Amino acid sequence: MTLASATTRQYERLIESVGPIVVKEVRQGLRAKVFAIFFGTLLVVCLSMALVAVAEATDSAGIAHGKEFFGAYLTALGAVTFFVIPFVAFRSMLRELEDETWVLLTLTGLGAVSIVRGKWVSAMSQAMLFGSACAPFVLFCYFLNGIDILQIITGLLLAAGWSAMLTAVGVAVATQAHSKLGRTVAHFVVLGLLGLGTLGGITFCWVLAEEGSRLATNDAFRNFAITIGLFAWGSTWLLLEGASAGLTLPSEPASRRPRIAFTIVGLLALAHGLVLFVIENGRGNDAMGGQVVTSFFFTIAAAFCISENDGWPRQAATGGWLRPGALRSYLLGLGMLFASAALWLFLYARRDGSEKAFRAILAAFAYPALYLSLAVVLGRLTPLQKFGEPVATRVAFLGSVAIGVAASVGLSIAVEGRPDGKLVNALNPIVGLVNFVDRSNDELDAALVLLGCAALLAVFLATLVLVGRDQVRSA
Amino acid sequence: MSALLEVKGLSRFYGSLKAVDDITFSLPEGTILGFIGPNGAGKSTTMRIIATLDVPTSGEVLLEGKSLVARPDQARPLLGYMPDRYGTYDDMTVFEFLDFFARAYRLRGNERKARVDSVMDFAGLLPLKDKLTSELSKGMKQRVALGRTLLHDPRLLILDEPADGLDPRARIELRELLRALASQGKAVLISSHILTELSEICDTCAIIEQGHLLATGTVQEVLSRTSNAAAFSEVELTLFAPGGAGLEEIGKKAERLLLEQPLVTNVTVLNHAVRFRLELAAGQTPSSGWVEEASVRVLKVLVNAELPVTSFRTREHDLEDAFMSVTKGRVQ
Numbered sequence: 001m002t003l004a005s006a007t008t009r010q011y012e013r014l015i016e017s018v019g020p021i022v023v024k025e026v027r028q029g030l031r032a033k034v035f036a037i038f039f040g041t042l043l044v045v046c047l048s049m050a051l052v053a054v055a056e057a058t059d060s061a062g063i064a065h066g067k068e069f070f071g072a073y074l075t076a077l078g079a080v081t082f083f084v085i086p087f088v089a090f091r092s093m094l095r096e097l098e099d100e101t102w103v104l105l106t107l108t109g110l111g112a113v114s115i116v117r118g119k120w121v122s123a124m125s126q127a128m129l130f131g132s133a134c135a136p137f138v139l140f141c142y143f144l145n146g147i148d149i150l151q152i153i154t155g156l157l158l159a160a161g162w163s164a165m166l167t168a169v170g171v172a173v174a175t176q177a178h179s180k181l182g183r184t185v186a187h188f189v190v191l192g193l194l195g196l197g198t199l200g201g202i203t204f205c206w207v208l209a210e211e212g213s214r215l216a217t218n219d220a221f222r223n224f225a226i227t228i229g230l231f232a233w234g235s236t237w238l239l240l241e242g243a244s245a246g247l248t249l250p251s252e253p254a255s256r257r258p259r260i261a262f263t264i265v266g267l268l269a270l271a272h273g274l275v276l277f278v279i280e281n282g283r284g285n286d287a288m289g290g291q292v293v294t295s296f297f298f299t300i301a302a303a304f305c306i307s308e309n310d311g312w313p314r315q316a317a318t319g320g321w322l323r324p325g326a327l328r329s330y331l332l333g334l335g336m337l338f339a340s341a342a343l344w345l346f347l348y349a350r351r352d353g354s355e356k357a358f359r360a361i362l363a364a365f366a367y368p369a370l371y372l373s374l375a376v377v378l379g380r381l382t383p384l385q386k387f388g389e390p391v392a393t394r395v396a397f398l399g400s401v402a403i404g405v406a407a408s409v410g411l412s413i414a415v416e417g418r419p420d421g422k423l424v425n426a427l428n429p430i431v432g433l434v435n436f437v438d439r440s441n442d443e444l445d446a447a448l449v450l451l452g453c454a455a456l457l458a459v460f461l462a463t464l465v466l467v468g469r470d471q472v473r474s475a
Numbered sequence: 476m477s478a479l480l481e482v483k484g485l486s487r488f489y490g491s492l493k494a495v496d497d498i499t500f501s502l503p504e505g506t507i508l509g510f511i512g513p514n515g516a517g518k519s520t521t522m523r524i525i526a527t528l529d530v531p532t533s534g535e536v537l538l539e540g541k542s543l544v545a546r547p548d549q550a551r552p553l554l555g556y557m558p559d560r561y562g563t564y565d566d567m568t569v570f571e572f573l574d575f576f577a578r579a580y581r582l583r584g585n586e587r588k589a590r591v592d593s594v595m596d597f598a599g600l601l602p603l604k605d606k607l608t609s610e611l612s613k614g615m616k617q618r619v620a621l622g623r624t625l626l627h628d629p630r631l632l633i634l635d636e637p638a639d640g641l642d643p644r645a646r647i648e649l650r651e652l653l654r655a656l657a658s659q660g661k662a663v664l665i666s667s668h669i670l671t672e673l674s675e676i677c678d679t680c681a682i683i684e685q686g687h688l689l690a691t692g693t694v695q696e697v698l699s700r701t702s703n704a705a706a707f708s709e710v711e712l713t714l715f716a717p718g719g720a721g722l723e724e725i726g727k728k729a730e731r732l733l734l735e736q737p738l739v740t741n742v743t744v745l746n747h748a749v750r751f752r753l754e755l756a757a758g759q760t761p762s763s764g765w766v767e768e769a770s771v772r773v774l775k776v777l778v779n780a781e782l783p784v785t786s787f788r789t790r791e792h793d794l795e796d797a798f799m800s801v802t803k804g805r806v807q
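Protein chains in written order, with this note's numbering: chain A, 1 to 475; chain S, 476 to 807.
None of these hints come from the bench; they were simulated from the model. Everything numeric in this text was worked out from a predicted model, so none of it was measured. Hints are supplied without guarantee of correctness; some may be wrong.
[To be verified] So, partial list: chain A residues that the calculated Cβ filter (under 7 Å) puts toward chain S:
#1 Lys24
#2 Pro250
#3 Asn309
#4 Pro313
[Said to hold, decoys possible] Beyond 10 Å from chain S on every Cβ pair, some chain A residues (computed):
#5 Leu196
#6 Ser213
#7 Phe358
[To be verified] Some chain S residues judged to face chain A by a derived CB distance under 7 Å, without partners named:
#8 Thr527
#9 Asp529
#10 Val530
#11 Pro547
#12 Arg551
#13 Tyr556
#14 Gly562
#15 Asp566
#16 Phe575
#17 Ala579
#18 Tyr580
#19 Leu582
#20 Arg750
Virtual Cβ for every residue (Gly too), placed ideally from N, Cα, C.
The task is simple: from the sequences and hints, build the whole structure.
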């Protein structure tokens with residue numbers, strides 16, 4: 001056997017072992033002009049910066065230049081892997097929906113999970129190519145002084161995680177756009193999210209460049225970096241499962257995997273919070289911060305959960321709690337929010353926090369419960385229902401939050417002459433929560449009772465609505 | 476012949492809209508069934524349900540006796556679906572496209588290569604294997620799509636408007652391909668607006684309107700049923716005048732005589748040919764053989780009047796007449 005034929009055989013074996021979607025996407029991706037343009041540009045930029053760095057290092061020997069060039073290289077890499085590649089993945093998935101080729105792929109038996117995973121893996125393969133082209137230059141910063149190996153490795157790992165998450169964002173947004181209008185809106189949404197994500201990612205790269213030397217010595221900074229990494233990978237999993245559910249045919253049960261992912265990621269997030277609280281010897285008031293952050297994360301995930309269709313298809317009548325249907329997803333969302341509140345209340349109680357923290361922990365549970373429940377009820381009223389239930393529920397969620405904020409602030413200005421009145425903002429999910437977090441006042445007890453009653457009523461109504469609709473899908 | 480596909484009481488409602496309402500039909504292997512109906516009649520919805528892309532509100536679809544509603548995953552290897560949009564990837568060559576789908580169908584190594592080659596050979600795509608699909612004509616793209624549908628050797632083919640937008644040559648070629656597939660024992664469910672095309676391809680047909688199945692059976696059965704039920708028939712006769720002398724006068728005489736006859740309307744004289752319509756009065760119910768009886772009576776009058784009639788024929792009903800006869804052109 002010649003070397004050439006052995007290589008070809010090995011190549012064929014490799015191609016056979018990876019999924020067909022990955023093969024197709026990588027083949028298409030590498031052939032696309034956008035890849036060649038950005039790959040070439042990144043190399044030229046990196047090379048130019050390296051020349052400038054060498055010139056500066058020669059001119060001013062002994063001065064550390066590593067930080068600024070480390071930040072600059074990560075910025076160049078981030079621009080491509082945080083924005084361009086996720087956007088290309090978004091467009092690629094959107095084209096599958098526009099041309100309805102995803103339907104043909106599903107009929108082959110590949111399934112939504114394989115399609116979504118294939119898109120993501122191929123985008124990440126391209127990101128790795130960009131990363132491997134840029135990595136030597138990033139390593140070169142070590143020789144410019146001012147930067148250590150731990151920073152470089154952390155920077156590259158976090159950039160990979162961030163890119164993975166933003167690529168999953170791109171793929172997930174595309175799978176939710178099944179109509180022409182939806183696809184137009186999806187472009188704006190994805191551009192906004194990727195823009196913000198890129199900005200955040202690059203900003204953190206610079207923070208890491210400037211302050212990254214504290215990674216070895218400062219526990220809080222190191223834990224923050226670890227949290228960012230875990231958040232990125234946890235969100236990636238959730239987004240990919242959400243994307244698969246969005247691409248599932250009506251004849252397939254779509255809820256099982258996203259619910260399992262949400263439960264595991266949620267429990268891991270709580271466990272991570274617990275570990276951080278213990279090792280950093282957190283105080284009662286730190287529990288308040290933990291609750292606000294985790295409940296915000298769970299609220300975003302739950303907003304997608306509650307927008308599931310009501311009931312279950314005939315062929316998916318079994319499965320217990322994993323059976324399709326908005327009722328079970330809604331209860332799961334509420335359950336995760338409740339678990340978060342319970343954990344942080346427990347930690348708060350063990351470390352004697354202030355009353356303010358106690359109220360804020362409860363409020364951070366009550367606001368999502370109230371607005372998620374409102375969205376469930378409103379999303380099932382005509383004419384919103386005409387948009388299709390998943391979209392209608394999401395529109396109702398965003399709409400009710402916006403109205404809740406605007407109406408409370410308006411009322412507060414009218415009644416109290418200022419926008420942050422305590423009682424009138426009791427149902428305001430932003431100003432109200434800020435009041436609970438920032439202030440200590442007896443008036444806030446009444447506000448919490450009002451908020452609690454409203455949330456209870458909304459949860460009751462939403463459960464009633466969903467129980468009534470939890471049956472075999474007949475339309 | 477046992478039915479490969481059985482559709483029983485299939486319904487699909489979208490809220491108050493009944494897209495498909497209680498449809499029942501069957502399709503034996505080696506048979507081509509034409510699914511005929513106006514836009515919005517429920518053809519595509521029915522086909523999507525059979526292709527496991529949608530779920531019925533009620534009813535059952537059996538493929539080889541097994542419910543594809545309950546176990547769509549088990550049915551998919553047995554069926555090939557070609558939607559009205561061909562769904563090709565513009566930046567792939569014909570070979571890459573088919574090879575990709577063959578991989579997706581989990582065909583491996585030499586088996587995959589052989590299958591792709593055989594499909595390209597069958598669909599006449601071998602000369603185009605290295606061409607980008609974006610460079611192909613509509614007819615060729617449709618062949619590629621048909622090739623994709625055949626890669627896993629399905630027993631049931633579901634083709635939604637495959638002839639739409641094709642030129643006459645491509646249509647004829649498609650017809651030949653479908654005939655060849657049926658002769659291999661595959662069952663083909665095909666929808667089209669081009670009814671003359673369907674009547675030449677199909678063994679059986681099903682006419683659907685507003686979600687209801689109006690007629691089903693072999694093409695001949697549906698034709699005889701609808702032609703018996705039709706309230707009119709077109710007739711053409713030819714007159715003979717040596718050297719054309721007196722032709723105008725003969726034509727006028729024929730026209731006058733015809734207009735005197737009951738049930739005769741719309742008489743047109745054009746040189747040697749006289750065309751007219753036998754039509755029942757409004758409210759009259761067509762009985763079996765009324766056209767033949769009326770034709771005999773008219774012909775007798777013309778012969779008795781010593782008109783030189785050399786031919787007399789009623790135009791045969793085709794699928795288009797059958798379609799027009801049973802549908803009312805309502806769209807939901």
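To see whether the hints hold, each was checked on the structure:
Hint on A:Lys24 holds. Least Cβ distance to chain S is approximately 5 Å, under the 7 Å limit. At its closest, the beta carbon of A:Pro250 sits 5 Å from a beta carbon of chain S; the interface hint therefore holds under the 7 Å criterion. Hint on A:Asn309 is violated. Least Cβ distance to chain S is approximately 11 Å, over the 7 Å limit. Hint status for A:Pro313 relative to chain S: holds, with the closest Cβ pair at about 5 Å, below 7 Å.
For A:Leu196, the condition that its CB be more than 10 Å from all CB atoms of chain S holds, with the nearest at approximately 31 Å. Every CB of chain S is more than 10 Å from the CB of A:Ser213 (nearest about 47 Å), matching its label as outside the interface. With 10 Å as the threshold on Cβ separation, the claim that A:Phe358 sits away from chain S holds: the shortest Cβ distance comes to roughly 47 Å. Taking 7 Å as the C-beta cut-off, the interface hint given for S:Thr527 holds, the closest approach to chain A being about 5 Å.
The closest approach between the C-beta of S:Asp529 and any C-beta of chain A is roughly 6 Å, which is under the 7 Å cut-off, so the hint is satisfied. The restraint placing S:Val530 at the interface with chain A holds, with a minimum CB-CB distance near 5 Å, inside the 7 Å limit. With 7 Å as the threshold, the beta carbon of S:Pro547 comes within range of chain A, its nearest partner Cβ sitting at about 5 Å, so the hint holds. Given the 7 Å rule on beta carbons, the hint for S:Arg551 holds: about 6 Å separates it from the nearest Cβ of chain A.
For S:Tyr556, the interface hint holds, the least distance from its beta-carbon to any beta-carbon of chain A being 6 Å, beneath 7 Å. Interface restraint check: S:Gly562 against chain A, minimum CB-CB distance 5 Å, threshold 7 Å, status holds. Restraint check, S:Asp566 versus chain A: the minimum CB separation of about 6 Å is within 7 Å; hint holds. A cut of 7 Å between beta carbons decides the hint on S:Phe575: the least distance to chain A is about 5 Å, and the hint holds.
With a least beta-carbon distance of about 4 Å to chain A, the hint placing S:Ala579 at the interface is held under the 7 Å criterion. Taking 7 Å as the C-beta contact cut-off toward chain A, the hint placing S:Tyr580 at the interface holds, the least distance being around 5 Å. The restraint placing S:Leu582 at the interface with chain A is violated, with a minimum CB-CB distance near 10 Å, outside the 7 Å limit. Annotation: S:Arg750 was flagged as interfacial toward chain A, and the flag is violated, the nearest CB pair being 47 Å apart, outside 7 Å.
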